[in-house]
Amino acid sequence: MSKTIKYITLFAGLMLLQILLFNNIQFSGYINPYVYVMFIIMLPLGMPEWLVLLLSFLTGFTVDMFCGTPGVHTAATVMAGFARPYILSLNITSEAISPSSTPSIKNNGIRWFIVFTFSIVIIHHLTLFYVEVFRFAGFFRTLLRALLSTVFTTFFIVIMELFRSRR
Amino acid sequence: MRRLLDFLIRHLNFVLFLVLEGIALIMLSSSHNYHNSVAENIFGGVAARINNSAENIRSFTRLRQVNRQLAYENAMLHQKLEGTVKVAPATEVKVNDTINKLYYTYITAKVVNNSTNKQKNTFTLDRGLSSGITNGMAVVSPDGMAGVIIATSQNFSVAMSVLNLNFKQSVRLARTKYFGSMSWPGKNYRYAEVTEIPHHADVVEGDTVVTSGYSALFPENIMVGTVEGAPVEGGDFLTLKVKLSTDMKRLTYVYIIKDHYKGERLGLEAGTDNE
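Residue numbers (my numbering), protein chains in the order written: chain A, 10 to 176; chain B, 215 to 489.
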């Protein structure tokens with residue numbers, strides 16, 4: 010039960026952070042970090058796939074509400090939620106991973122966490138940026154935006170996880 | 215049919231993925247009607263409300279600048295008010311080549327230090343000699359009288375607060391024009407005292423008290439406060455309890471009033487003192 014409350018808090022916190030802070034920061038035309046993806050990353054490792062998909066859908070749908078971009082974020086988060094179990098199965102390192110635990114630097118090591126975060130974020134961002142422009146003209150420009158933003162989003166998520174695990 | 219169902223159940227997650235992704239794409243393609251229908255109906259404008267609060271927060275960060283602009287604008291408006299300009303006699307128009315003579319200049323200032331809990335309270339302003347501030351200039355807040363400059367340095371000035379036992383000001387009742395003397399008894403920071411109001415003066419609770427302009431400190435008709443409670447009779451005069459219009463504990467932006475004719479007036483009055 011307390012875990013549910015923890016996730017609701019995380020969801021609300023990330024939404025506020027995204028809407029109030031990151032959506033307002035103008036890094037450049039190429040860099041738009043979407044840190045709310047952290048919610049999908051932080052879901053328990055053993056969570057059933059269908060629940061991950063539904064929660065991903067909810068996450069994207071909420072962001073779309075606030076950004077006035079119907080479907081764009083939803084498509085990206087559903088894609089990321091769908092890819093998550095496959096990334097998890099590919100991404101097993103030598104450390105043992107218990108299925109009930111949440112991904113964290115403390116449990117899984119910083120290298121595992123960065124690789125896992127980066128993998129989810131890049132799938133999310135590639136989908137997001139291509140769906141957003143909805144065309145393949147300027148293919149490489151969109152690719153560059155997605156890749157640069159992925160680096161920054163990953164950076165911010167790892168920083169936030171560092172703070173979270175320090176407490 | 216059975217085999218189809220089996221297939222769907224086995225690949226439940228993939229089907230769910232397709233359904234959800236399909237919904238996303240439908241939302242995307244019908245985005246024109248979407249805003250009016252789905253968003254408004256399902257969420258009841260929650261998103262709009264939160265976005266609105268976000269804008270409120272953003273505008274909050276700009277308040278400092280807005281305040282400064284408003285204070286400046288107010289000073290400009292005050293200067294344009296009728297009371298601050300005086301029509302010069304026709305003979306002088308030729309000499310000065312001007313119609314209106316400037317009587318008072320309002321200078322905006324910010325309170326950088328303020329005391330209200332002592333007996334001789336003062337406050338510090340962020341304007342000094344470099345802005346043309348000199349001793350004896352009146353300080354008013356947007357709500358009314360606030361104090362008088364008693365010391366200046368290059369960039370700061372200190373004003374004697376209304377809440378100072380040494381503060382005395384000639385005031386009058388706005389309605390009946392009887393004048394008296396205002397001072398602060400040193401008890402409550404919201405209330406001052408007006409003495410020397412004659413017995414026959416008609417005073418009711420709520421009467422407005424303004425500056426009389428008889429002293430050279432404050433211009434005429436600056437708001438001081440309102441009469442509270444019944445007048446107290448003592449000796450030959452009435453004593454009134456006046457609630458100050460300016461809340462001295464919340465003083466932030468004030469105007470320093472520069473009187474361009476103060477020197478001339480005081481010089482003339484000093485010359486006749488011995489008569």
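Check the hints yourself; a few may be wrong.
[What the hints assert, rightly or not] Pulled a few chain A residues facing chain B out of the computed Cβ check, cut under 8 Å:
no. : residue
1   : 81
2   : 88
3   : 91
4   : 110
5   : 112
6   : 140
7   : 142
8   : 145
9   : 146
Worth flagging that the hints you see were computed from the coordinates, not collected in a lab. If you're wondering where the values come from, they're calculated on a predicted model, not measured in any experiment. Positions of the beta carbon are idealized from the N, C-alpha and C atoms, including for glycine.
Hints, one by one, checked against the model:
A least Cβ separation of about 6 Å between residue 81 of chain A and chain B falls short of the 8 Å threshold, and the interface hint therefore holds. Below 8 Å, beta-carbon pairs count as interface contacts, and residue 88 of chain A has one with chain B at about 7 Å; its hint therefore holds. The interface hint given for residue 91 of chain A holds, since its Cβ lies 4 Å from the closest Cβ of chain B, which is under the 8 Å cut-off. This hint is violated: residue 110 of chain A has a C-beta 21 Å from the nearest C-beta of chain B, more than the 8 Å allowed.
Given the 8 Å rule on beta carbons, the hint for residue 112 of chain A is violated: about 20 Å separates it from the nearest Cβ of chain B. This hint holds: residue 140 of chain A has a C-beta 7 Å from the nearest C-beta of chain B, less than the 8 Å allowed. Because the beta carbon of residue 142 of chain A sits about 12 Å from the nearest beta carbon in chain B, more than 8 Å, this interface hint is broken. Annotation: residue 145 of chain A was flagged as interfacial toward chain B, and the flag is violated, the nearest CB pair being 16 Å apart, outside 8 Å.
Annotation: interface hint on residue 146 of chain A violated; nearest CB of chain B at approximately 18 Å, more than 8 Å.
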